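> Line by line, the protein sequences give chains A and B. Numbering (the working numbering) for the first sequence: 10 to 742. Numbering (the working numbering) for the second sequence: -14 to 650.
Hint data in this document are derived by calculation from the structure and do not stem from the laboratory. Since the structure is predicted, the reported quantities are computational estimates derived from the model, not experimental observations. Please note that a few of the clues may not be correct.
Said to hold, decoys possible - Subject to a maximum C-alpha distance of 25 Å in a straight line, what follows is the list of computed DSS-like cross-link-like pairs (lysine-lysine): (1) A/Lys242 - A/Lys81; (2) A/Lys81 - B/Lys105; (3) B/Lys156 - A/Lys247; (4) B/Lys450 - B/Lys596; (5) B/Lys109 - A/Lys247.
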Amino acid sequence: MSKTIASAAIRASHEIVERVETMLQEVIAEKGSDFEFEFPDTAYFLPHMYCLTGFACKTLGDMQTALNEKAKPLLKAVPDEHVYKPYLGETLDAGMATLFAQEILMALRYIKGLEPVTDPEIDLTYNGFIGDSILRDLGFQLVDGSMPGYVVILGAAESDERAEQIVRDLQQKNILIFLAGNVKGNSVTKQLHRRGVDMGWPTRIVPLGPDTEHTIYALHWAARAGLTFGGLKAGDFKMNLKYSLNRVFAFAIVLGELDDMKWSTGAGAINQGFPAVCDTNVPEIRPRGVCTYEHVVRELDQEKIVQTAIETRGLKIIVEKPPVPVAYGPAFEGERIRKEDTFLEFGGNKSPAFELVRMVELDQVEDGKVEIIGTENVDKYEKGGVIPLGVVVEVAGRKMQKDFEPVLERKIHDFANMAQGIWHMGQRDICWCRISKDAFNEGFRIEHLGEIHVAMMKSKFPAITDKVQVKLYTDAAEVERLREEAREIYHERDIRVANMTDESVDTYYSCLLCQSFAPNHVCVVSPERLGLCGAVNWMDAKAAFEINPTGGNQPVKKGDTTDAVKGRWKGVDEYVQKESHGALEGFSAYSLMDAPMTSCGCFEAIVAVVPEANGIMIVDRGYTGMTPIGMKFSTLAGTVGGGTQTPGFTGIGKYFLTSKKFLTADGGFKRVVWLTTSIKNQLGEALKQRAEEIGEPDLLDKIADETVATDAEQLVAFLTEKEHPALTMESIF
Amino acid sequence: MSQDTKKVDLINRTIDKTAKELLKVAEKEGISTAFNRAAEIKPCPIGQKSMCCKHCFMGPCRITKKTPVGVCGADVDTIAARNFGRMVAAGTASHADHGRDMAFILLAAARGETEGIEIKDVEKLHAVAGHLDIETEGKTKEQIGEEVALKFIEDFGRQKGGINYIRRAPKRRQDLWKERDLVPRGLDREVVEMMHRTHMGVDQDPKSLLHHALRTSLTDGWGGAMLATDLSDILYGTPTPIKAKMSVGLLKEDEVNLVVHGHEPSLSEMMVVASQEPEMLEYAKSKGASGINLAGICCTANEVLMRQGIGSAGNFLNQELTILTGAVEAMVVDVQCIMESLADVAKNYHTKLITSSPKARIPEAIHIEFDEEHAMTVARKVLREAIDNFPNRKKGAITLPDYVSESIGGFSHEYIKYMQGGTYRGSFRPLNDAIMDGRVQGVVGIVGCNNPRDVQDSAIVELAKEFISRDILVITTGCGGIACGKQGLLAPETMEHAGPGLKEVCEAVGISPVLHVGSCVDNTRILTIASDMVAEGGLGDDIADLPAVGICPEWMSEKALAIGCYFVASGVHTIFGVGSPIEGSEKVTQLMREGWEKDVGGKLEFVPDTKEIVQKAVETITKGRKALGITEYVPGKFGAEKVLMDMADRRRLEDEQKAKAAAAK
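Modelling step: build the complete structure from the supplied sequences, incorporating the hints.
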C-alpha cells in the first residue's frame, strides 16, 4: 500500500539531509562558508532551490541556510504502524526535501571534482549537470510536438536486450531519455553500453550519473522551464510547479527493485507532476490530482512499459513512420555512421549528387511512385560502394506553390536523417548521405530513400502535397546533367529570396507555437527577419499557414506603417497586443532600444547593448563563457525570455545578422562590436558581404570576439585600436 | 414492565459499549440519567409538533382540529414558523456569543492583557487578515491581531451592509444572497430581529419568517461560528492530524481524572498547559496520584482533541455516565449542552462539578470563573481542586470500562488542503478529480448531537458505514465525530470498509474515509472546504453544485437547527434525523423543502428513518453528479480492477479542459 512508499520516501529524506549536511560541513571546514559555487551554464544558481523558493544559493554558507530553512522543515515523521496519521502531503514534502538535498549534494560533488562521474569500466563520462542552453536548444522541438516528452529511466532492465528494446521504443517515439541510478551496480547505461548503443545528446540518450541522486539533474532541468519560457518568477512555486505539470511532459520508468532513495526521489518528482511506472510489484497510487493521471503505476510486462508510461503521463505521440525496414524518428538524427560501417554512400566529394523538390502538374505525378533511373551502378545496390545520386521529389497539389519548393526541399535532410542507419548532411548539390551496413542488413535499399520522402512529404505537408513521386537518378552523366538544371533552379530561388524585402509584401506571419511554453510571447516573421529560433522563416511560416490554416502560424496584415525606421506597423502592433493578451503594446522589428521583439526562450542568439562601446554584441547559445557586459549567455537569457520586453536586449535567429534590416534603427550591422567566434565562423561569408554592402569592408576584422575581449575594458581597447565605427557613431541611447 | 426488561431496554438505547456498562451501574445504584428520563418522559405531543404557542399570555394556545387557530388568530403555520425561528435564533446566538468571547480574547491577547494566551498561529492570522482586507505588511502579530479582533467585533453590532465573512463564499452564492436579500447585516441585529418578528403580533407570514431564519442562520455559519473557529486557530493553533483516545475507557485509575465539558476552548487549553507543569504533577503525586489525565466531553473535548490530542471520554449522552465511573475528580464545564443533572449524579460520587462561565451557573456546582486576564491562574485553581479531590475517591465505587479506541483527529480545512499535495502542491484538486472520475461518489457531512429519543450513536455510525461503503466520503464534527471515533471509524484502517474507489483515495492519502474536522462551530470548516472545492474547479461554481449532503442524524439542540439552516442557505441539501420540530405544519414543512430549494438551492428535511436518509442523500448526490455532467458513478469501477483510466476517459477529460479553456477565453 501507499504507506510503504510514504515510509520509504520519508526515511530516505531524513537520511540524505543528514548525509548532505555532514558532507557540507566537511566542505565548509575545508573551503569556508563564503566559498562560491555555480553549476556550469546556468543562470539559476541551485536551480531547484531557486525556482521553488526564490533563494539564490551562491555560497556554501547559502547551502547551509537552504538546508536548514528549506529542506529540514519538510522532514516529517515516518507513519506509525497502526492508527497512523495521513502521509501523502508529508511524503511529497519529504520528496521535495530529498531533491533539495540531492541538489546540494551534486554541488558539493562538483566542488570535490566528483562530477560528472567517469566510469572507467565502460569508458564513459556521464553528462552530469544539464546546462540552460540545452533547454533552449531543445525548446522548439518540445513545443512543436516533435519531442513529446522526456523520461528518466532509473535502475536496470531484466536483461541487456530488454534495456535496448525499451530505449529503442522510446527513441522511436522521439522521447528524450535520461539514465540514472542502478540496481546492485547494474544500470541501463551499462546495459546499453554492452549492447553498443550510441549514447549522448545526438541520440537523445543521456546518462546523467550512476546513482539515483543524479536524477536531480533531470528534475531541476525541468524546473527551469517555467523560468526560461514561462516568464515565471523564482519562488512562485505554485505557478512553476503548475507549469511543470501542464507543460513539461516528463516521467520516470523505474526498472528493477526500488530502495528508499528511489521512492523519495519519485515523491519529489510527483511534486512536479511527473509520475513513475515501475516494472516490479510495487504499491500503486492511482487517484490523480497531483499528477495529471496516475502517480505510481506498476507494469510487470516490460514490453508494455513504454506504452503504459506514455498513457500515465498523457503524452501525445504522433509518429509518422514511412514504410522502411529500420527504426525511424528524430532520435536517430544524431547518429553518426563511420566509414567502415558504411554500406552505400553518395555525395560529399565522392560522387556527384543533388536533391531537388519540384512542383509539377497533378497529371504528371503517379502518387507514391519511387523510380530508380540508371543502369551503371545496379550491382552496387546489393554490394555497396559509392554511387552518384540525384534525388528529385516531384510534388503536385492544388494548393502547392512554387515558393514552397525550398521549404519542402530543406526537409529532405531531416527526413532522410531520421531513419536509423541513414546519415545525411547538407542539401541541394552539397548533400552527402550514407547508408550503414546494419541498415542494409535490416533490408534497407536505395528505393527506401524515395519511400521516406513520399511518406513524409505527405504527412508533414498534407494540405499542399496531394501527390508525390520520387525519382532517384544513379547514372553519373545523367546526375551531372540534372544537377546543372537544379543549380539554375537554386540560383533563381536565391535571387527571388534576396529580392524579397519587408516592403515587398503586405503580410507577415506570426509564430505562436511557443505560446504553449511562453503564453504571452508572439513572434512575427517577416521576409527580412526570421524567427528567433532560426527554425521558421517567412516562407516557412507562409507554407505552414497554407498547410494548417488554424495552426500556430497566422497571417498578420502589416497595415499602415507607423515608423518605417524602427519597423512598426499598425496591424502588427494590434496583432501583438491581442495575442500577447495585452502584455505588450507592440514592438519594433528593427530596433533593440525601443520596444524590441520579445522572446520565448529558444532564441539562437542574444543581442545586447554594450554601453561602454556604444555598440551591440551578439552571443549564441552554444557559448558558455563570459561576455563583455559581464553576463554569460545563461544569465542574459534569463532577462530576455518568457515574453518580456527588455530594451537593450533581444533574442534573434542567427541569420538575422545577415539581413539588411538587422536593427537598422540602432545603426544596423555597424553597431556590432562583439561576436562569438562560432558565429563569425558560421556566417563569415555572408557577414563579409554585408560589410561590403554597407561600405565597411574591414568591419568584420574590427569586431571583437571572445579571443580578444571578455570584458568591457578589453573590448573598448580593441575597438579603439581597430577604429571601430561604433565608437564614433551617435549615442545608442 | 419488570425491572429486568427495563434494564435491557436502557442498555439497548446506546451502541457504546462503555455506556452500556455504566448504564448498568446507574441502574444498580438507582441513579437517574437522561436515558431513563427519556424513557419516562414522553415528549409533549403538541409541543413536539410545534402546535403550541406560548409567545404571549393569552395562551399558551394549543392547536387542534377543533381549535385551528390561537387566541390571536395565529394558525399552526405561523406558530410553527415562529417557534422554528426562535430556535434558530437561540442556536445562532449560542455560536455568536462563543465567537464574541473569542474575539475579545484575541483583542486582549493582542493588547497583552491575557495570562497564558497569546497569538500562536501567525500564518492563520495572516490568512484571516487577508480575508478581512487588513494590510499586514510591516505589522507585528499583535497589531494585526488587534485589527482582526476589532474588525470582527464590528460584525456583532453592525447595523447595515453585510458581515465580513460573506465574501468567503463562492461568488455565485454571494450574488444569490444579495439577490434574495439574505446577506446578514450584523450578528446581533438578525437575532434581535428574529426575536422581534416572533413576538406576538409581528411577522405572521411563515414564508417571511423562514426567510429571516435563513438570514439569521447565515450570521452563524459565515459569522459567529466561522470566526470562533478561525479565532481559536489563531490563538491555539490550526489543527493538524493528531492521535487521540476515545471513549470513557481512557480514564485512568491511578491518575487524577479531570474532564472538561462544554464548547469553548480557552480554559481547557490552559488546563492542558497547567496539567503538564512539573509543580502540578508533583502536587498530584503528593496526593497519591501518578499523574494528571485530562479528558473531554462534547465539543470542548473536540477543541482540545483537534489541537492537543486530548482524548474524548465521550459525547453528549456520555456526560452523566462519565461521572458514574467514580473516577472523575472534577468535571469543569463552560457553556452549552451541559445537563443540569450532572450536579445530581456527582452527588453520588466524590466528583466536583465546576462551572466556569459567567453565563452558565449550576446552583450546586463550585463556580470558578474563567477570564482571560487570569486564564492560567484559573486553570491551576481548577486543577488543584481536582487534585485535592483525588484522595476522596470511593475506592469500591469505581467502574472503568476496559475499552478505548484510537482515533486520528485534527483535519482542519488547511490540513485537508495540505494532505492532498504537501507544502508545494496542496490543493483540493485530488478530491475534486476523485469526485469527477467517480472514484468518490460524493461527500456527506455527518454532524451534530446525541438524542436519547434515539439509540445513542446508532444512526450516526450506521450512516457513516453505509456511506463509506458507497464510496462517499464522510466529514464529521461535534458529537457525531466522537460517536464515529468511539467506534474506531476515525482510524485510517477504516478504509478497509470503504468502497473500492474511496479506498484508493484513502490509501493514497493515508486517511480514514471518515474525517473528523472538529467541534460544532467547526462545521464552518465544512463551508470553507466546500468553497475551496468550488474554487478548485470542475465541480460547478457554487456550493449548491457539489454532490454533497449535510446530515444531522441524532439532533436535539437549537444550535443544530441553526447549523442546518446555514447549510441550506449555503446551498446544501440537509437532512435531520429523529423527527421534525415543525411536523404540525404541512405548509412550513413544504416551504423548507420545495420553497427553500427553489430559493437557495438547499432544502431541509426531517427524516427519522436512516435507510430513507441514505436513499435521499444518494439521490441528491446522483442528481448533483448528473447536473455537473461528470462521469457517472459506477460502484466497483475503481480499486478492484486496477485498470488505468481508459483512453476514452482521457479524451473526454481533455475535451472538457479544452471546452473550459475556451469558455474562459
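> Give a verdict on every hint.
Structure-based check of all given hints:
{"no.": "1", "hint": "A/Lys242 - A/Lys81", "result": "holds, 23 Å"}
{"no.": "2", "hint": "A/Lys81 - B/Lys105", "result": "holds, 21 Å"}
{"no.": "3", "hint": "B/Lys156 - A/Lys247", "result": "holds, 23 Å"}
{"no.": "4", "hint": "B/Lys450 - B/Lys596", "result": "holds, 12 Å"}
{"no.": "5", "hint": "B/Lys109 - A/Lys247", "result": "holds, 19 Å"}
The structure fails none of the hints (numbered hints given earlier).
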